[in-house]
Structure formats: structure tokens, C-alpha cells
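Whenever a hint applies, use it, and build me the whole structure from the sequences.
Protein chains: 2
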Amino acid sequence: MAEQSVDRVADQDVDAYVLDVAQRARAASRDIAAADTGARSRALKAIAEAIDGARAQLAEANAEDLFAANSAAIDQPLIDRLELNAGGIDQMIEGVLQVDSLPDPVGAISDLSYRPSGIQVGRMRVPLGVIGIIYESRPNVTADAASLCLKSGNACILRGGSEAIHSNIVIADCVRAGIEAAGLNPDIVQLFQTTDRAAVGALLKQNAYVDVIVPRGGRGLIERITNESTIPVIKHLDGICHVYVHRGADLDMALEIAVNSKTEKYAVCNAAETLLIDADVADEFLPRAAERFATAGVTLKGCEVTQQRVGSEPATEDDWYAEFLGPTLAVRVVNGLDEAIAHINRYGSAHTDTIVSDDYAATRRFLTEVDSASVMVNVSTQFADGFEFGLGAEIGISTDKLHARGPVGLEGLTTQKYVVFGNGEIRKR
Amino acid sequence: MAEQSVDRVADQDVDAYVLDVAQRARAASRDIAAADTGARSRALKAIAEAIDGARAQLAEANAEDLFAANSAAIDQPLIDRLELNAGGIDQMIEGVLQVDSLPDPVGAISDLSYRPSGIQVGRMRVPLGVIGIIYESRPNVTADAASLCLKSGNACILRGGSEAIHSNIVIADCVRAGIEAAGLNPDIVQLFQTTDRAAVGALLKQNAYVDVIVPRGGRGLIERITNESTIPVIKHLDGICHVYVHRGADLDMALEIAVNSKTEKYAVCNAAETLLIDADVADEFLPRAAERFATAGVTLKGCEVTQQRVGSEPATEDDWYAEFLGPTLAVRVVNGLDEAIAHINRYGSAHTDTIVSDDYAATRRFLTEVDSASVMVNVSTQFADGFEFGLGAEIGISTDKLHARGPVGLEGLTTQKYVVFGNGEIRKR
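Taken in sequence, the protein lines are chains A and B. Quick note: to get my numbering, add 1 to the position in the first sequence (first position is 1). Quick note: to get my numbering, add 1 to the position in the second sequence (first position is 1).
Derived by calculation from the structure, the hints in this document are not laboratory data. There could be a bad hint or two in this list.
Same chains, same names: a pair is fine if it fits in one copy or spans any two.
Unchecked claim - Below are the EDC-like pairs computed for lysine to aspartate or glutamate, each with C-alpha atoms no more than 20 Å apart in a straight line:
1. K429 - D386
2. K266 - E395
3. K429 - E257
4. K429 - D253
5. K206 - E224
Spelled out as C-alpha cells, the structure:
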């Protein structure tokens with residue numbers, strides 16, 4: 002792991018390179034699927050050790066990435082995400098060991114039962130096969146994603162952000178060294194050794210060898226991937242989350258939940274973007290909310306009632322569809338549960354929505370009829386993530402309905418096949 | 002339900018018609034998702050009654066379809082599938098009532114548990130939303146598919162084969178009448194009132210309103226749909242199924258399983274297409290198998306060893322990839338388990354594969370390492386279907402890995418969302 006050249010692949014060879022990577026990944030997926038829990042655990046522990054032993058190289062590589070990013074006058078938030086200091090390396094190592102400590106999802110057989118024909122049918126949880134992960138600046142994703150794939154018995158192909166290439170190469174080399182130390186095929190984890198964007202396009206066509214693509218990044222990246230990919234994509238689009246203050250709410254609780262859902266962190270997908278308030282409680286609730294949000298520095302964009310009651314800026318039709326990801330909140334007064342549910346199902350992004358209410362029937366209907374990945378009662382939307390939900394770790398949050406919905410942990414990286422046990426049964430139609 | 006015009010939609014209006022159907026379906030999906038178990042059950046019973054009351058119209062409409070098919074000199078197997086006699090109508094009614102009798106999958110909450118933050122997190126099974134089903138000649142699919150979607154709380158858009166349009170219209174009118182009789186929105190089930198193929202293309206672009214497409218038909222139909230669709234597709238490609246006779250097999254059992262897997266029905270996706278035999282038992286097993294298959298009228302295409310031992314025709318490389326769907330079987334002698342698994346994972350279609358063996362370790366490895374939707378031990382591949390597996394009914398068999406794998410029943414037509422219960426918890430990072 003001495004000096005690395007940034008781009009190990011000649012331009013003209015990109016298609017051949019990607020095909021080779023994909024074929025190696027498919028072959029390696031057989032090895033990791035057949036590896037037992039112990040072997041996968043030894044590999045994860047060896048990866049953590051290898052990263053710990055490569056702190057100096059990693060610091061050097063990260064400095065190189067940061068120098069290039071600064072020279073290229075890249076935005077400060079992106080540079081912040083790129084930086085990997087000693088604490089960040091500690092967290093990365095801890096993350097790998099934490100994934101190792103999760104229960105092994107692979108091989109679990111459920112619902113095994115006898116059928117009238119005499120056969121016994123069940124479902125076995127098995128790896129998906131080969132997972133392609135395309136992500137942006139944070140280099141720690143290289144270790145996180147590799148660990149989750151390895152733990153769940155999958156091979157993976159990683160394509161990190163070009164600005165993090167030096168850091169990513171060092172981390173990926175540690176990952177492969179750890180896998181080899183456990184006696185497994187290092188091609189179980191492959192990082193693209195090129196920053197050529199054509200390699201991403203070529204990867205998205207490898208449906209013969211790659212089972213699923215997980216993009217992590219902004220909407221632009223995800224839309225491009227979804228449009229180009231011939232491989233199924235587990236995708237996460239907008240987080241347009243709602244807090245609905247029902248007339249049956251404890252208004253003190255509602256206020257804390259609304260403020261926390263919006264302000265605990267702004268630039269996260271589970272932050273609230275729209276506050277819905279029942280007309281019956283708007284007169285009492287709106288001024289209190291307006292005061293708290295003003296103190297927090299949040300600008301309100303309101304419906305007509307909101308404008309009249311607390312003098313907010315007006316909300317346009319587009320504001321109901323907006324993911325502000327900052328200190329702006331759309332506010333609408335609604336006439337009861339039906340209108341609230343209709344608003345959420347129309348304008349929301351099916352990510353996370355919460356009702357504040359002590360009314361039994363209203364909370365039951367909200368849970369059933371709001372068509373979102375996470376539907377909550379009397380808690381902050383900011384809880385919607387894999388760690389808080391108990392998945393141990395997450396590879397992303399899905400706003401799709403098929404396969405994985407909401408935070409995606411180890412289970413989302415697996416599938417179930419039917420297993421059938423018999424004693425010579427044959428079928429007679 | 003008097004005389005129907007075959008095509009109720011003018012050519013130039015196809016796009017607008019399909020958009021209208023898709024939007025109605027999305028709206029109706031909210032109604033059916035909110036309908037309780039009792040309402041859905043009443044609708045299914047009313048549908049069965051309506052079909053029973055429409056036997057005369059249905060016979061007339063089916064005669065019209067059959068007359069047109071005969072005039073158009075359509076293939077006999079297709080005409081056979083098109084015919085709906087009194088027994089077929091009985092079966093269709095029974096099918097609807099059988100779906101009604103299945104447990105309701107909707108609303109089940111699983112894995113509900115408290116997290117350290119105090120929130121309680123679980124997963125609720127919910128309908129997918131709007132399902133588009135594109136199928137070929139059998140008119141009974143209209144009632145089957147509609148019942149499964151209704152039971153699982155989904156709205157559906159049905160596009161049947163043009164040759165069955167008269168029969169399908171009568172059945173769909175019965176379905177809608179039954180839904181209305183139960184006080185529900187009839188747009189929960191909509192059948193395309195046109196045979197224009199452009200309508201299929203338009204449907205495949207309605208990703209704003211349709212959640213999943215289920216094609217039922219030949220490989221050509223499914224490939225066209227997969228390539229054109231912007232909506233996720235639950236697809237079923239080939240069934241290239243294997244019977245592997247391990248050296249630890251009871252050869253009498255192996256013979257019955259091999260013969261049944263191939264011959265019980267030829268034109269089904271779960272029929273065996275390739276027989277793999279361990280070299281250690283080939284001398285004993287091959288002549289017995291050759292004799293039985295000759296009696297059954299099955300032509301063998303063998304590897305070199307098979308040709309030498311029993312004088313079969315030679316198998317070409319393409320034959321290992323072939324779905325014969327008829328009385329032809331490819332036969333290969335392999336050197337043990339590794340070679341058998343490698344053959345299946347390379348040439349198979351990940352549908353259904355069975356090992357015959359009494360060897361504990363071999364059966365365990367086969368179950369784990371064969372990467373197919375249904376992996377079996379000591380039973381015939383012909384058991385791979387929703388009824389035999391205990392799903393009650395199936396909408397199809399998926400050879401995909403994501404979302405639904407193997408026979409797809411009611412559960413495959415649903416998804417899970419996270420539900421979170423709290424008491425005012427807010428998040429502190």
C-alpha cells in the first residue's frame with residue numbers, strides 16, 4: 002500500500018475493465034455465499050485491524066484528496082464530508098466491528114411447514130449476490146458498505162466519489178487485505194480503480210453479473226442512475242416529511258415534536274418540511290409554534306389562514322412539494338384527518354410522516370392510510386433511520402415500495418428462496 | 002351486460018384513455034387500502050355470485066372469441082386455453098371463493114419492539130397500491146388476478162389478450178358489479194376496453210400511478226415489457242430446472258423423481274429440462290433412466306458419457322441452456338457435487354432445482370449454494386407452484402431476486418412499512 006496512481010485504468014479499456022470487475026464479482030459472490038458465519042466474522046475483524054494499521058497511509062491519502070479538493074475550489078460542505086481525521090478513522094473501525102457484532106441474517110429458514118402432499122416447504126434467507134454501490138464524497142462509506150455486504154454474504158463493487166479516490170483506495174486495500182487474511186477471495190470487495198464517469202455507465206449495464214445497484218447521493222445522481230440502469234435500483238429520492246398536529250393532540254407535545262422534527266438537523270432526509278395543523282387547534286397552536294420557530298431562526302411559509310394568524314410569508318403550490326433541507330417550513334391549516342392524509346399522500350415523498358394525537362381512531366387511520374415508508378405516532382420524524390429503528394446499520398433509506406422500504410439494513414441486502422424437503426414425493430395432477 | 006363493442010376507445014385517444022385509467026386506479030387504491038377485511042370479503046363473494054349469474058352471457062361472449070380465433074386460424078393450444086366451458090366457469094368461481102377464504106395479509110404488524118430511545122418500532126404489511134397485469138389468452142386470469150389484488154388491498158389494471166376480449170369484458174363487468182355491490186369503488190378493478198397494443202406501451206410509462214407490472218405470458222411478451230417499462234416488473238423468464246442424482250441417492254427414488262419432474266407435464270415452467278448424474282452411479286442409473294424415458298417417449302440429448310453408455314443423441318452447448326417445454330431432456334454426467342452446482346448456477350435459470358441424495362452434507366451444500374428461487378431435496382421439481390407451496394393461490398412465479406422470488410401469492414402483492422409508536426419522544430443527536 003505505497004504510493005497509488007489515481008487512475009489505474011487506461012481510458013480506452015473502461016468497458017473491458019468494468020466487465021472484468023463484474024465477472025470477478027459474480028465469481029466471488031459464490032465464494033462469499035458459501036462462507037460460514039465464522040469466516041465472515043474473521044474477515045470483518047481483520048479489516049478493522051488492517052485499517053487501524055494503515056492510519057498513516059490513510060492520513061496521507063486523505064491529505065492528498067483534501068489538497069486536490071481545495072485546489073479545485075470545491076464547496077466547503079463537500080470538503081467537510083471528505084475529511085477523515087483520527088476520530089473519523091476510529092468511527093470507521095468501530096463501524097466495521099459493530100457490523101460484525103450484528104446477528105447473521107444468512108441461512109435463516111422461516112415458515113417451514115408440511116404440506117398435504119408430504120413435502121415440507123420453507124424460506125431460506127440468502128444473499129442477493131453482487132451489489133453495486135455508487136456514492137459521493139464521504140470515504141467512510143467504503144468501509145461501511147463493504148462491511149454490510151460482506152456480513153450479508155454479498156460481493157460488492159464500489160464506485161466512490163472521484164474527489165475521495167486516494168482515501169478510498171487505501172481503505173479498499175485494507176478491506177481486501179482483511180478478506181484475504183480470513184482465507185477468502187479478495188474480489189468479494191472491489192473498488193473501481195478509475196474515476197472515469199464512463200465506468201459508471203458501463204457498470205449500470207452489467208445486469209448479467211450485478212443483482213442490484215444502491216446509489217447514495219443527491220437527487221441528480223439517483224435520477225441519472227435510475228434512468229440508465231438495466232439493473233434494479235434500491236433508491237432514495239426526496240424526504241418531504243410531515244408533522245400533523247391533530248385536534249386531539251397534546252399541544253405541548255406537538256410543539257416539541259414539530260420543533261425537533263424540523264430543527265434537530267436540517268440537511269437530513271428525515272427532517273420535517275411541512276407542518277399540518279387541524280383548524281380546531283390552529284388558533285391556539287399557531288402563535289406558539291411561530292414563536293418557537295422564530296427563535297430557532299426558521300422561516301415559515303404558510304397557507305392563507307397561517308398568514309393571517311401569524312403573519313408568515315405565503316406558501317406557493319411548489320412549496321408543498323419542496324424539500325427545503327434548511328431552516329424553512331411550509332405550514333398549512335387543514336380541516337381534519339381526511340384533508341391531512343390527502344395532503345400527505347399527494348404532496349409528500351412517501352418517506353416519513355408523523356401524527357400527534359391522543360385520539361385512538363385518528364391514529365389508527367393515519368397509520369393505515371398514510372402511504373409512506375415510515376408512519377409515526379407522537380414521535381419526531383428525525384427518528385427515521387436504521388440505527389434508531391434497530392437495524393444496527395443501514396446502507397440507505399428506500400423510498401421505493403418493492404423489496405426494501407424505509408431504512409435498509411442487512412435484511413434488505415438479502416432475499417429469500419424457497420427450500421423444499423421431501424422423501425421421494427412426486428406430483429400427480 | 003348486453004352486447005359489447007370490442008373496442009370502446011378511439012385510436013387517437015389511447016394515451017388519454019390510459020392516463021385516465023391509471024389515475025382512476027391510483028384514486029381507487031386509496032379506497033381499497035382503507036377497506037376492511039369484511040368489505041373485501043363481501044366484494045369477493047359478490048363477484049362469485051355475479052359470475053354465476055352471468056353464465057349465459059359469458060358462454061355467448063366466449064363463443065364469439067372462439068369463433069374469431071378459429072376464423073383467424075389461430076394455433077390449437079391457444080384456442081384450448083381460450084375456451085371457457087361450464088366446468089371452467091365453475092373453477093373460476095371456486096377460485097374467487099378460495100381467495101376469499103385465505104387469511105388477510107393486510108395490516109399485520111410484525112417485529113414490534115421498544116428501542117432504547119423509548120420509541121416502539123414495527124413493520125406493517127400494506128398493499129403495494131396499483132398493480133398492472135398483462136396476460137395472454139386464458140380469460141380465467143381476469144377473475145383470478147382481480148381477486149388476488151382485491152384480497153391484498155390493491156387496485157389493478159388488467160390487460161388481457163385481444164383474442165379473449167369478449168370473455169374478459171363480461172368477467173370484468175361481473176367483478177366490478179360485485180365490488181359495487183359491496184359498497185366499494187368499482188375502479189378498484191379496471192380492464193382495458195381496447196385491444197390496441199399502443200395501450201400497453203402507454204401503461205408501461207405510468208410510473209406516477211402504477212406501482213408494479215406483472216406480465217404473464219411467453220418470453221417475448223416479458224422481455225418487451227421489461228425493456229419498455231419505467232415501472233418495476235415482477236417477471237418470470239425461463240424455467241430451466243435440473244434434477245441432480247447424487248452418488249448418495251436412492252436410485253429407485255431418483256428414477257421416479259427424474260421421470261416425474263420431466264413427464265408429469267411438459268409445457269410447464271417447473272418441468273425438468275436437464276438431468277445431472279454423478280459419475281459414480283451413472284453406469285447403474287443411466288440404462289434404467291434411458292429405458293423409462295424411452296417408454297415415456299422422451300428423447301435424450303446426452304454428454305459424451307451418456308452417448309456412449311446409452312446411445313443417446315448428442316447434446317450441444319445450447320441444449321444446456323434450453324427450455325424444451327416438451328419431451329426432450331438434456332443429460333450430463335458430472336464429477337460430483339461441485340460440478341453439479343456449477344452447472345446449475347451457470348446454465349440454469351434460477352427457477353427450481355432438486356437434488357436426490359441421502360447424504361446429509363451434500364444436501365446441505367446443495368440447498369445453500371444453488372442460487373435458485375426453489376431448491377429441493379428428494380422431491381419432484383413439478384411441486385414448485387403457489388398451491389403446492391401453501392400460498393393458496395399465485396399471481397405468477399418470479400425468477401427475480403428482489404421483492405418476490407419463486408411463486409408469488411398474496412404476500413408478494415404487499416409491502417411492509419415501518420410503524421413507530423411513541424409518547425412525545427424527540428431525537429437528540
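Against the structure, the hints come out as follows:
no.: 1; hint: K429 - D386; in the structure: between (50 Å within a copy, 13 Å between copies)
no.: 2; hint: K266 - E395; in the structure: within (18 Å within a copy, 45 Å between copies)
no.: 3; hint: K429 - E257; in the structure: between (64 Å within a copy, 12 Å between copies)
no.: 4; hint: K429 - D253; in the structure: between (67 Å within a copy, 18 Å between copies)
no.: 5; hint: K206 - E224; in the structure: both (16 Å within a copy, 16 Å between copies)
Figure legend: structure checked against the earlier numbered hints; every hint is met.
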